[in-house]
Amino acid sequence: MRLNKLTNGQRLRHRLLLALMERMNGAPAPDVMRALLYRPDYFGRPYSAWLHAVMRGPSPWSMGERELIAAFTSHQNQCQFCVIGHAAAAARALGDASTVQAALEASPPAPLDDRMKAVLGLVKKLTLTPEDVEVADIEQVRDAGVGDAAIEEALTICALFNIINRLADAFDFDTSLGEQPEMVSKSADVLLKRGYAI
Amino acid sequence: MSTKRRPYQERLMAAVLEREGATHPTLRKAVCRAAAGATDLTQADSIPAELQRYLEKVSRFAYKILDRDVAALKAEGYSEDAVFELTVSGAVGAGLGRLERGLTVLGQSARAKELADALE
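Read top to bottom, the protein sequences are chains B and U. Read in order, the letters of the first sequence are residues 18 to 215 in my numbering. Read in order, the letters of the second sequence are residues 2 to 121 in my numbering.
No lab work stands behind these hints, which were simulated from the structure alone. All of these numbers come straight from a predicted model, not from anything done at the bench. Take the hints with a grain of salt, since some may be wrong.
Below are the DSBU-like pairs computed for lysine-lysine, each with C-alpha atoms no more than 30 Å apart in a straight line [unchecked claim]:
#	chain 1	residue 1	chain 2	residue 2
1	B	K142	U	K65
2	B	K142	U	K75
3	U	K114	U	K75
4	U	K5	B	K22
5	U	K5	B	K134
6	B	K22	B	K210
7	B	K22	B	K203
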């Protein structure tokens, strides 16, 4: 990572926690955990608490749909680190890797329901050109059968991943996990079981 | 802001923008505000010139950030903690600026719908 402190500047108890994670998973702790556990009261803890509530709390969206929104947002930001993890989690939760891949690449059009297609369109616009988002964009999502609570939740997921995508790229989180399908799959399982709280 | 989201958002913003750190809260708030779209980062007088270019990248295309961008800040005298705080402030601004935009438009749409329903 670009900041040495994010690699090994955590407090002792958090370095021990990272070492335990590595032992249990048989792989280096992901850089996102190192970053969240560096001065966790400054960013990691409040951010993760919010993320966990949105991604794993009661929701109009299934867990897989929320992971898909996260992966899609990350794809718009060209954040390879986040795409790897959340596309895998979405594929696992939805039981359909090819649909997730098609949704990210939009070619051919993914076999998604109208609700998801509409909300991903809004997420794309909000991520790439937020200043252009207008009432007609919201109405398009409503017309597809998405209620306001679900829209708000999708907006929140989009926002939270716009934050972490930028940190992953600015600090250069290691993406080599993506070259090991078994480790990606294992990480997806952990993410789906444990969620995001630290 | 919905009551569900409010405590989380307030807690995150208080931690990132007001907590004691290597940088002054005033600078972090300026960075966050600019990244949220309120001001053009390269025109923000309250943000030192050497930071503007880096934070513009954080805000608009973080995937283009290179080792030398962070190295340049360190060469200017910014500690790793300062770079950490300012990067997080910019990222939080970019994310929450988008949330604010989306919720504002959602609110406008809800009010328009209420009016349309009332007139039917």
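Comparing the hints with the structure gives:
Of the pairs offered as hints, the one joining K142(B) and K65(U) holds, with about 20 Å between alpha carbons and a cut-off of 30 Å not exceeded. A hinted pair counts as satisfied when its Cα atoms are at most 30 Å apart, and K142(B) with K75(U) does not qualify at roughly 35 Å. Between K114(U) and K75(U) the CA atoms are separated by roughly 52 Å; this puts the pair beyond 30 Å, and the hint is violated. A distance of roughly 34 Å separates the Cα atoms of K5(U) and K22(B); the hinted pair therefore is violated under the 30 Å criterion.
Between K5(U) and K134(B) the alpha-carbon distance is near 26 Å, which keeps this suggested pair within the 30 Å criterion. Of the supplied pair hints, the one linking K22(B) and K210(B) holds, its CA atoms being roughly 29 Å apart against a limit of 30 Å. Under the criterion of a C-alpha separation no larger than 30 Å, the hint pairing K22(B) with K203(B) is consistent with the structure, at around 27 Å.
When the structure is compared with the earlier hints, violations turn up for hints 2, 3 and 4 and for no others.
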